[in-house]
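These are the residues of each chain, in order.
Number of protein chains: 2
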Amino acid sequence: MDVALVCVGDELLAGDTVNTNAAWLGERLAERGVNVERVTVVPDRVADIARTVNEYRAAYDAVVTTGGLGPTHDDLTMEGVAAAVGRTLEPSEAVLERLASEGGYAREDLAAGTADIPAGARPLHNVEGVAPGCVVENVYVLPGVPAEMKAMFEAVAGEFEGEERHVDFLVVDEPESALVDRFAELQERFDVIVGSYPGDDVRVKLQATDETELEAATEWLRANVEVA
Amino acid sequence: MDVALVCVGDELLAGDTVNTNAAWLGERLAERGVNVERVTVVPDRVADIARTVNEYRAAYDAVVTTGGLGPTHDDLTMEGVAAAVGRTLEPSEAVLERLASEGGYAREDLAAGTADIPAGARPLHNVEGVAPGCVVENVYVLPGVPAEMKAMFEAVAGEFEGEERHVDFLVVDEPESALVDRFAELQERFDVIVGSYPGDDVRVKLQATDETELEAATEWLRANVEVA
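Line by line, the protein sequences give chains F and X.
Going by my numbering, the residue at position 201 of the first sequence is 201; the numbering climbs one at a time, nothing skipped.
Going by my numbering, the residue at position 168 of the second sequence is 168; the numbering climbs one at a time, nothing skipped.
In case anyone wonders, no lab produced these hints; they're calculated from the structure.
Watch out, some of these pointers could steer you wrong.
For identical chains, the list gives no copy identity; a pair is met inside one copy or between any two copies.
[Claimed, not checked] Derived lysine to any residue pairs resembling SDA-like cross-links, with alpha carbons at most 25 Å apart:
| id | residue 1 | residue 2 |
| --- | --- | --- |
| 1 | 150 | 215 |
| 2 | 205 | 110 |
| 3 | 205 | 111 |
| 4 | 150 | 222 |
| 5 | 150 | 18 |
| 6 | 205 | 73 |
| 7 | 205 | 228 |
| 8 | 150 | 201 |
| 9 | 150 | 20 |
| 10 | 150 | 227 |
| 11 | 205 | 47 |
| 12 | 205 | 46 |
| 13 | 150 | 174 |
Predicted model, so just to flag it, every value in this text is computed and none were measured.
Build out the structure end to end from the sequences listed, making use of the hints.
Okay, structure coming up:
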């Protein structure tokens, strides 16, 4: 299963906020064996949201959006997603009922548009806040506030499922350039994906679908490099 | 000036690494009045890098890439960028000379491809590491290791220049939904861009090209909301 994340928000583009949502979702999806193929941050503009969501929902199995939900003028994700799937926005009865019963919000007290989702979409309740998310076709619309986003993702996590992968990390105390030949040999000997991330040391990530294969590869590498 | 950032790396997609490079670059570019229109993370695959760089260099004034530089099998950014601009990769004499004179690296000791950049590109020296960056047409290729990326960006920062903007932040202790009308009035009265970022409180960002206008708008908002 291949997915793309579309993170909406001028504050992410201007660096006012670090995109920890994308890292958290990437990790949770990887745990479920799902490939994240793209993470794209777009501004708070309907046309940009719609165009990006549309391109990715055609190219990948699912799209997850974060951010841009709520009542203010810069909350435009629902409008962008509705445009992407060619639907109108409509208040969700299920959301209005839940906001009344759980949140104590009378309809007339809610800011205009609070319960709007694309027509026919499946609403996702916001157990940590007010603004609802939704699922429409293969697009999952989640909030931007991390606690709200995480709780809402957990409610749909079971709908994301790929091939199980096993992962090991090894920190190596050698320059990355010295490791080129051993990485080549490692990949020749074993059916593993090798990632090499330099910093003060080199962090090596090994991934395999077969656990025994991963263990053998990690053991071989450990015996053939200077482990930090 | 509108730019796009293309961040290369499986580790960013899988959430092993939080994309702090994008936030840092976004902030530095915003300070210079430059709009970041997209941040896209792509996997360590030549075709994906090439396609994304190509799309963005046509759509925006400049593209800045981070990550995927170095000698290992998963360092594919130079190859992707070369493909995007239709050039071959060639060892840079300037880079080889500098690695010898400053780094003490003899040519024969360097891993194959270490000094390769697209033919005719302007090399950018890596004062904090080994792998060079480059500028080719309107594409700036920077490393992924934050200290290396930052030092290399500073060497070209003067090439990024937009309209000066003034920015103020205000933290408001009211629910976001209650602020809708005042945000509308604020935008009617003053020539400012208003961003609203909910969390425990609501963080409001005001931007204007005119400093006096910004001060007046901030003063008006401060007088009309519950400041936290």
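Which numbered hints does this structure break?
-> Of the numbered hints, 1, 4, 10 do not hold.
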